[in-house]
Structure formats: C-alpha cells, structure tokens
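Residue numbers (our numbering), protein chains in the order written: chain A, 1 to 297; chain B, 1 to 230.
There could be a bad hint or two in this list.
Chain A residues, not near chain B, derived (Cβ > 12 Å throughout) [claimed, not checked]:
(1) F126
(2) L129
(3) L185
(4) D225
Per label pair, the in silico range of CB-to-CB distance [claimed, not checked]:
(5) B/A150 <-> A/I233: 52 to 62 Å
(6) B/A75 <-> A/H176: 16 to 26 Å
(7) B/A150 <-> A/R3: 51 to 61 Å
(8) A/R3 <-> B/L186: 43 to 53 Å
(9) B/L186 <-> A/I233: 20 to 30 Å
Some residues of chain A that are not near chain B, with every Cβ distance over 12 Å (derived) [as the list claims (entries may be wrong)]:
(10) A78
(11) A161
(12) M188
(13) L229
Calculated directly from the structure, the hints in this document are not laboratory data. By construction, the Cβ of each residue, glycine as well, lies at the ideal position given by its N, Cα and C atoms.
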Amino acid sequence: MGRDSFSTYHPAVNFLYFAAVLGFSMFFMHPVLQGIALFSAAVYSVTLSGGKAVKFNVIYMLPALFILAAVNPLFNHAGMTILFYLKNGNPVTLESIVYGIAAAAMLVTVMIWFSCYNKVMTSDKFIHLFGKIVPALSLIFSMVLRFVPRFRHQIQAVSLAQRSIGRDVTQGNVVHRARHGLRILSIMATWAMENAIETADSMKARGYGLPGRTSFAIYRFDRRDRTVLVLMIVLIAIVLAGAGMGENTMRYFPSMRMKEQTLFSGVVYAAYSLLCMLPVIIQLVEELRWKYIVSRT
Amino acid sequence: MRTLLASLLILIVIPATIALGIVVLDDRNYYFISLLIILYTMIPFAMVFESRKPQARELIIIAVLTAIAVAGRSAFFMLPQFKPVLAIVIIAGVSMGAEAGFLVGAMAGFVSNFFFGQGPWTPWQMFSFGIIGFLAGILFKKGWLKRSKALLCVFGGLSAILIYGGLMNLSSVTLFASTFNKEALLAAYASGIWFDLVHAAATVIFLFLLSRPMLEKLDRIKTKYGLIER
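Turn these sequences into a full structure, and let the hints steer you where they fit.
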C-alpha cells in the first residue's frame, strides 16, 4: 500500500472529515450506525498503517471492547429485564449489558478514529488550519515542535563537552552522576532561554507582527477538494437530518426501543456509510485509475 | 468585550450544552458533553491571549518552557506517570504569571500528545495542566504561594493528586463507565490513586530539584532582557 490519497487533500477537508466522524461516533448510539462507524474506522486504519493497525486493533481494541462491555453491568443497574442478582444484591439487567456493549463499541471506535487522525492530521496541517484563527498560539505550537528535537540535540552536545572534563552522567559514583545530570540540564536550560531571546529579537528584526505579512503555505484548495468538501457537507446534512428525526439513536432504559426502520433510515445509513468510508473509497478509485492509466509495455 | 464573551460562554453556552445533553441525548452521553464543556473553558484563555497581540519575546519564552516540559516528559517516558510536566508548569506560573502558566500547561499537554498520541483525553490533560499553572500564578500573586521549596512542593503534590488526578479520573469515568454514579466514580478514584501518587511524587521531586535553579534562570532572563513584569 502506497501513500494514502485522502491525506493529500486540503487540511480543511481532512479536518472536517475527522470532526464529523469523531463527533458522530461519540453522539449516535444506534447499533446500525455504530456498526458502520466501527467497521469503517477499522478498515481505514488498516489502509493507513497496514499490518500494524491490524495488530493494534486485535491486541488492544478487541479485548478493550470485551472488558468495557463486561464492566458496565456491574455499575449500571437500570433497565427492566432483570437477568440475575449480584452477590451485593444489585440486579444485572439485559439493558445494561446491551448498553455496555454499545458504549464499549463507541469508545473503541473513537480510539481507532484517533489512530487514523494521528496519521492524517499531521502538525503542519493543524498549524495551517489554525494559524489564521489563533496566530500566536499556533506560532508557539510550531516553535515547541521545533524546540523539542533541538533541545535533545543540544543536550547531546552539552553532555559530550562535559564528558571531556569528566562530568558526564556516565562518570563517577551515583551521587556524582545525578549531580552531573542536573548540571547538564541546567546548562541546557540556560542555553535554551538565551537562545530563545535571540530568536525572538531576530523575529522582531524581520518584522514579526507587522501588518500585511503573508505566510507560506504548501496547501492549495483544488477542484477535487471542493468536490469532496461539497459531497461531505451533503452527507453530513443528511445524517444530521436523520439525527433531527430521531433516527440515529435508540432508547436503552428502562426498556430497549428502536424507531421503526423506514426508507429514510435506509437513506441515513447509506449516507453515513459513504461518509465514513470516503477516504477508503477515494483510495480505491485512485488505485483503479492508476492501474488503468499505467502504461503496459 | 472579552468578559462579555467569557460570561456568555459560561452563562449561556455551557448550560445550553448540558440541557442539550439531557434533552436530546437522554443524559447518557456524558463524554461528548463533558468534552465540549472542557473545550469551552479553554476558549477564553486563548481569546484573551490572542487579542493582546503578544510580543515575540513573550511567545518564545512560553514556547521554551513548554518544550522543556515536553522534552522532560519524553525523557521519562518509560516510567508511567513519572513526568516533570507539572513541575515545569508550576514554575512557569509562579515566574511568568497565571496566563503564561495556563498556556504552558495547555500547550505541553497538547504538543506532548503529538509524540504520545492524541486521544479523547487530550483536552482534559490540557485543561488540568493549564488550570494548575493558572492557579500557581494566581496564588503567587496573592502571596499565598511563596518561592520557597517547601511551599512549592506541597502545592505541587496536592495539585497533582487533587486537581490533575481529580479531573483525569473524572474524565475516565465519563469515558469508560458510561453511567455516572458514586460507585463508578469511587472505583475510578480507587484504581487511579497509585498513578496519582506516582505523579505527585514525581512532581514533588522535580520541584525540589528544579524550582530554585529554574526560577533563578527565569529571573535572570527577565532582568537581563527587561521583560515586563506583570
């Protein structure tokens, strides 16, 4: 599997997608919609990271699903259909077990969506999106991202210099080592602050904060971005309309009741599936197109 | 304007969200609602900071302190909960003021999760770290928190258990338990207490070792470059 095609879309498209699927997954506790979301999240995570995602989903997410589903009935005693009583006299109900499964599925879905989010919404995309709304905070954010590896590098340099005068963390007894470690950190911190002030002055000298300055962005809002964005907005609108009609949730307590399935619920399910599977579909289409146009000589 | 927006958020938007949770979601979806409320509470801080048009020097000091906290967290990643973030955040709050304390805390929570993985816990961590930095700044300004090691350590340990632990355990209840009652809360606090104790111990140790040299360094920078005292 090569690169993920959806990741190359405009950050706004990526962000809207994850905001929508994450919000909907946390919101809708309807078995069909939850099934769609869990399935799509799992499939997308596998398209993104291949075998690693399969491992993550099976080793961590599957047991988590079972444990969480089993824990809920111990704390939740609402519901009409009493199955049996616990030793402490509290009842275990069918509703609480089913609800526990639904809640666990929701949590696992959100976790898997976040694992995809971490892959797709990289920090540079985040800065690009929020740089206009919160410029100072996004600047801090990007500086921190740069400083962390830089500080690690500098700690190496300081530590090597200290080693040459016998004051590294690998030299001396335990007390000496600890003291040397603290000294290295202290040198590091002083250097970091001095260096930071210099950077700030340099920024000021180049006109940081003056009006009329633009910033470089590698992202362009193309026609394909517009197409996908419009499609996503239509799908989100349909799903929200479904939410407004009460199609997307079900009642668990005191007794379970689901709204009757109509033609419209079918439309909502279709729209939701299409929305959740959008990146996978885009990937498939791209791959088919590539297969079709690649020259066979 | 700012206070108006902040009070609008607190008086109208938050109750409206809770009402939405009760009416539309049948008061079952605690996680979504609590997540929204936590996000709202951070908006006023961001707005105040942005509308002040902060200077480059101020930005970069906050960035450096945040980076130190993040690098520190990743240096001790193999010891769960043994992280110096809270100590750095408290030092930042005491030395640079309540607002900087909040920003360093919230940013450290946010950025470190780019290395450790974002998740539904991120806003909670941001808020918990941030509010402790904010409190440290406020208490220092009021004179209740001094620059003495002992006081800082006591504050650090207590805030790690009561505020950070209190909020994070609450978040895991809204996240995992799906029902909200006393039993689930007690279970979460009981299972979280060891992590909180380790975190508190880490905070106290780091404050004991770092508070004086770090505060001295920050003072030196402030005097040397004439950063405005607020």
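Right, here's what the structure says about each hint:
no.: 1; hint: F126; verdict: 9 Å, violated
no.: 2; hint: L129; verdict: 14 Å, holds
no.: 3; hint: L185; verdict: 8 Å, violated
no.: 4; hint: D225; verdict: 23 Å, holds
no.: 5; hint: B/A150 <-> A/I233: 52 to 62 Å; verdict: 58 Å, holds
no.: 6; hint: B/A75 <-> A/H176: 16 to 26 Å; verdict: 20 Å, holds
no.: 7; hint: B/A150 <-> A/R3: 51 to 61 Å; verdict: 55 Å, holds
no.: 8; hint: A/R3 <-> B/L186: 43 to 53 Å; verdict: 48 Å, holds
no.: 9; hint: B/L186 <-> A/I233: 20 to 30 Å; verdict: 45 Å, violated
no.: 10; hint: A78; verdict: 8 Å, violated
no.: 11; hint: A161; verdict: 19 Å, holds
no.: 12; hint: M188; verdict: 8 Å, violated
no.: 13; hint: L229; verdict: 23 Å, holds
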